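Since the structure of chain A is provided, determine the placement of chain B on it from the hints.
Chains as they are written, first to last, in numbering that gives the first Met the number 0: chain A, 0 to 179; chain B, 0 to 213.
Quick caveat, the hints were computed from the structure, so don't treat them as lab data. Wrong hints could be hidden among the right ones.
A few chain B positions that, by computed beta-carbon distances, are all more than 12 Å from chain A [claimed, not checked]:
#1 Q42
#2 M112
#3 E169
#4 D186
Computed list of lysine to any residue pairs in SDA-like fashion (alpha-carbon distance at most 20 Å, straight line) [unchecked claim]:
#5 K63(A) - A73(B)
#6 K21(A) - S172(B)
#7 K41(A) - P59(B)
#8 K21(A) - L65(B)
#9 K41(A) - V56(B)
#10 K164(A) - A73(B)
#11 K92(A) - Q116(B)
#12 K41(A) - I81(A)
#13 K164(A) - L131(A)
#14 K21(A) - A73(B)
#15 K164(A) - S172(B)
#16 K134(A) - E172(A)
#17 K164(A) - G145(B)
#18 K134(A) - S165(A)
These figures come from a predicted structure and were not determined experimentally. We put the CB at the ideal spot given by N, CA and C, even for glycine.
Read off the chains here:
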Amino acid sequence: MQVDSDPDWSALLIRVRDHEDKAAFALLFRHFAPRIKAFLRKSGASDTLAEECAQEVMATVWHKAHLFDPSRASVATWVFTIARNRRIDALRKARRPEPEDLPWGPEAEPEQSEALELRQETARLGEALRQLPEKQRALIERAYFGDLSHTEIADETGLPLGTIKSRIRLALERLRHQMS
Amino acid sequence: MTIRHHLTDDILMAYSAGQLPEAFSLVVSTHISLCDDCRAALQAYDAIGGSLLDGSVGIPMTDESLEATLARIAAGPAPARSPMRPKAGIFPAPLRDAVGGDLASVRWRPVGMGVRQAILPAQGSATVRLLSIPAGQAVPDHGHSGMELTLVLQGAFCDKNDRFQRGDIEIASEDLEHMPVAEAGHDCICLAATDAPLRFNNVIPRLLQPLFRI
Chain A
0 MQVDSDPDWS ALLIRVRDHE DKAAFALLFR HFAPRIKAFL RKSGASDTLA EECAQEVMAT
60 VWHKAHLFDP SRASVATWVF TIARNRRIDA LRKARRPEPE DLPWGPEAEP EQSEALELRQ
120 ETARLGEALR QLPEKQRALI ERAYFGDLSH TEIADETGLP LGTIKSRIRL ALERLRHQMS
Chain B
0 MTIRHHLTDD ILMAYSAGQL PEAFSLVVST HISLCDDCRA ALQAYDAIGG SLLDGSVGIP
60 MTDESLEATL ARIAAGPAPA RSPMRPKAGI FPAPLRDAVG GDLASVRWRP VGMGVRQAIL
120 PAQGSATVRL LSIPAGQAVP DHGHSGMELT LVLQGAFCDK NDRFQRGDIE IASEDLEHMP
180 VAEAGHDCIC LAATDAPLRF NNVIPRLLQP LFRI
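If we strip away everything but chain A, and leave its shape as in the complex, we get (with noise of 0.2 Å):
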């Protein structure tokens, strides 16, 4: 299980939130940035383009880490809707609805065993990925990184969309049966 190999970004996080930790963002500075870096890459942002997003990504983190609740989202997953919303607002001029929060609960602290049991699911479905086939594997990442809807990647790859709908389909069934 990745839990113990991996660094716990939501620990660094808390403490860029509580504590304002340099040290701390730094850290996750250089394990997300160049990958959000990547990400606008792949989406088609030049590289200048790339790099000043990933910069204000970063910012925009250190700015909402108040927001981050480790009980409902690991980090990855909270930066990558960060980087997401800024791609659609860079490459598209668009705006995103987001959905109406949640009103708060009755408890004011997420309970710790709900935040590790969060990691390890988390690990889980990294490593699911990780075991996907080649194929949906690729079509997948397409999807999500590529800016590319279903039908510009039908035209790019030559598949039929029937069959890269199915392979995304086999895929996403693929990891529910992992995690399940």
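Chain B in isolation, oriented as in the chain A frame:
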């Protein structure tokens, strides 16, 4: 309130991946605001995005990038849009933001037979509108040349196949020809997005279609 008609995996994944046009994103985010099942499913798709990002190979940042980012941080956060506090109403937050208020703030325009609509601003090729259909009234028979997502906010409508009430989402594609009828009782208020103009099956509405952008 039990929601029986949900978003599909295709659509949830595309929304999570940020691939939907703004018009569809508005309908999807409004539905998720009302539907805990789809909210949970969305979190799972976001987690896939997070895992892919985490497992991806990065591109090196410039040498001064961390310093530059800390300077951005010191300059303060970008001005946040003022959050609109939820008030009692029928519109969830994303729709309230798009309209600039609740039902009373909608600028309706008549499109004939008592049906009213309000087109909402959205970037991209897909369009999104609010529709108000008088209780008991049918929407003109129409098919679709693209995808149409319709979310019920008030009242209910039925078509040949099913019944849709508040929170339910109908996903119509090219093969569906339908004639939804608003139930008696309340006027039916829906949020509908489409990526192609609707095709009406009788002549007069089709002539008027370009004028009304219905």
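Going through the numbered hints above, which ones does this structure break? Give me the numbers in ascending order.
1, 6, 10 and 11
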